[in-house]
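Protein chains: 2
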Amino acid sequence: MRQLVIVGSLAYDDIETPRGSSGRMLGGAAAYSALAASYFDLSVNVISIVGGDFRKEFFDLFTNQNVDISGVEVHPDEKTFFWAGKYYEDMNRRQTLITDLNVLEKFDPEAPEAYREPEILLLANLSPLVQYKVIKQMKRRPKLIVLDTMDFWIMTMLEELMQVLKEIDVLTINDQEAYMLSGKHTIRAAAEEILGMGPKYLIIKKGEHGALLFSKEKIFFAPALPLLEIFDPTGAGDTFAGGLCGYMATTGDYSFENLKNGVIAGSVFASFTVERFGTERLVSLRQEEIIQRIDDFIELVKFDFPKSQHIFNKNKEL
Amino acid sequence: MRQLVIVGSLAYDDIETPRGSSGRMLGGAAAYSALAASYFDLSVNVISIVGGDFRKEFFDLFTNQNVDISGVEVHPDEKTFFWAGKYYEDMNRRQTLITDLNVLEKFDPEAPEAYREPEILLLANLSPLVQYKVIKQMKRRPKLIVLDTMDFWIMTMLEELMQVLKEIDVLTINDQEAYMLSGKHTIRAAAEEILGMGPKYLIIKKGEHGALLFSKEKIFFAPALPLLEIFDPTGAGDTFAGGLCGYMATTGDYSFENLKNGVIAGSVFASFTVERFGTERLVSLRQEEIIQRIDDFIELVKFDFPKSQHIFNKNKEL
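Here the protein sequences line up with chains A and B, keeping their order.
So the first sequence is residues 1 to 318, counted in the numbering used here.
So the second sequence is residues 1 to 318, counted in the numbering used here.
In case anyone wonders, no lab produced these hints; they're calculated from the structure.
Do not rely on the hints blindly, as some may be mistaken.
Which copy is meant is left open, because identical chains are indistinguishable; a pair holds if it fits in one copy or across any two.
[What the hints assert, rightly or not] BS3-like, lysine-lysine: derived pairs with alpha carbons at most 27 Å apart: (1) Lys166 with Lys316; (2) Lys307 with Lys218; (3) Lys106 with Lys314; (4) Lys302 with Lys216; (5) Lys260 with Lys314; (6) Lys302 with Lys218; (7) Lys316 with Lys260; (8) Lys136 with Lys302; (9) Lys133 with Lys56; (10) Lys218 with Lys260; (11) Lys316 with Lys143; (12) Lys302 with Lys143; (13) Lys314 with Lys218; (14) Lys143 with Lys314; (15) Lys86 with Lys307; (16) Lys56 with Lys316.
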């Protein structure tokens, strides 16, 4: 069975949306990514750090979902990373209310021996220094290294980020971050610039507007499923990365053509995450639901343009 | 040959973008729509109004492009509608600098006899009272009535707009207008609400994020082509409507399946318009370029997700 190693945060989140408040619940990039990837036929392994307040039921939850958490360090005298945020009716805007890094501040991961030859390495949003260090701990180059980052690191550790970008295969960021990182003003100019920084592939996430996959030669546009209600967008990007890596590791085909399917798989899982608070939807999916939703995505963009050229005005041949 | 009648403004535009200034040039919804539709094998007819300052070369331009302008009233002692606007690096924002309605203020169209039985009637952005009046001048119900509107009419003439929405088949608006018109907060909830107001189909235009086509039962997501540079977005929506109606009139198939192709055709023409100032690109397209770009759209969203279910985790059958 192929192995996926995910390095990222585990957290308590407290989220307020126009639909209600979540209270303290399981969060963190690694939680969303690992739970999404766990639906695929592969071994999912998490490297992370938590405090003594991280509840046993969460450890059990991961274990029950076939996620290996032997790479999660527990610091009993510390507290787990905590994030509180608020969404408004326009779910594209969010406000951070509290960020208590707590134990995450001293996260200096040492990959367990059994985690040093994965098929895929997913570096969720973390300091680029930590991301770089983990790459260098690998015994052999993973088939695919996927990296997520955010505006904070672009603004505060650009040099370190540029260094890690040279080591990876796939960068996933959102459109605002792509503009910030590239200094360009169209998505395509931004993509050209960023692909020049090292990654072979770039995925620009646009939330409800879908996602774009770029290589130097090709572009693929993946839709987002228009949902009747977006309940809580937290973790959508991390879920996307987990679904993408899960799909890629299972199929073992790293061509652009198959990456398209990976982007669809990521989008499918992300579309479930936003339907409920936190990981609620993600821990209870049935295989039929997933397959049905893949079909929904296929249907959503399918069209069959007639090849006939008789539709054009013959007088207009210039 | 099937007939398309377009009712809408002709204008002088003066546009400033980060790439430069256009100077006074041909503009107006009817100009963009008619020029896009003129590439299809049909008869394109414009109902509009201009002042004595509307240059002969523009009349000639339409005639040369096979657009019938016998429905354009000329008021020699008045001035043509004038609009000046400015775009910033983020082309999604624009600022209106000058709006001189001039002769457009007294636009009270009387459709010529020869225009009263068209296959398709396109009511470009105008007062809903004018749009309603033109519908009532038709001798028999067109096969398809397409209507465009904007935030200004939603805010100032909602009742009149609601009345005209009961008479039409396809409404095209942008996402912000859809939220405003429906009072809903997701694109899908907005679509459900608006389809309850009368139109059989709704197209929500999202600029660089593509467009969504809704019926009561189905959704289609059309991408936008990621362009390296967006030169001037003015007229993209009007071009879209013209390309859509041109395609639909030529094929004569008003099913949801064929409307998808119409949305792609509209998107294809809009992608050309934004590459240059005003109608510059739209008056000089070669058929090969159009066909190549249709292929680009087909390629952009094409993927082939494997039907095998062996990718899923067998331990996870709940």
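Are the CA atoms of lysine 86 and lysine 307 at most 27 Å apart within a copy, between copies, both, or neither? Classified as neither: same-chain Cα gap 49 Å, cross-chain 39 Å, threshold 27 Å.
Give the relationship of lysine 302 and lysine 143 under a CA distance limit of 27 Å: within one copy only, between copies only, both, or neither. For lysine 302 and lysine 143, the Cα distance is within 27 Å only across copies (25 Å; inside one copy 31 Å).
Intra- versus inter-subunit Cα pairing at 27 Å for lysine 106 with lysine 314: Neither, since 70 Å and 37 Å both go past 27 Å.
Alpha-carbon proximity context of lysine 143 and lysine 314, limit 27 Å: This pair counts as between: shortest inter-copy Cα distance 24 Å, intra-copy 52 Å.
27 Å Cα threshold - placement of lysine 143 relative to lysine 316: between (52 Å within a copy, 26 Å between copies)
Within, between, both or neither: lysine 166, lysine 316 at alpha-carbon 27 Å: neither (50 Å within a copy, 37 Å between copies)
Up to 27 Å between alpha-carbons, please classify lysine 302 paired with lysine 218: within, between, both or neither. both (19 Å within a copy, 12 Å between copies)
Since the copies are identical, ignore which copy is meant and state whether lysine 316 and lysine 260 lie within 27 Å (CA to CA) inside a copy, between copies, both or neither. between (37 Å within a copy, 25 Å between copies)
Given a CA cutoff of 27 Å, do lysine 302 and lysine 216 count as a within-copy pair, a between-copy pair, both, or neither? Answer is both: 25 Å inside a copy and 18 Å across each meet the 27 Å cutoff.
Measure nothing new, just compare the shortest in-copy and cross-copy C-alpha distances for lysine 218 and lysine 260 to 27 Å and report within, between, both or neither. both (11 Å within a copy, 24 Å between copies)
Alpha-carbon proximity between lysine 136 and lysine 302, which holds within one copy, between copies, both or neither at 27 Å: neither (43 Å within a copy, 36 Å between copies)
When no copy is named, should lysine 56 and lysine 316 be tagged within, between, both, or neither for a Cα gap of at most 27 Å? between (72 Å within a copy, 21 Å between copies)
Hints 1, 3, 8, 9, 13 and 15, counting from the list given before, are not met by this structure.
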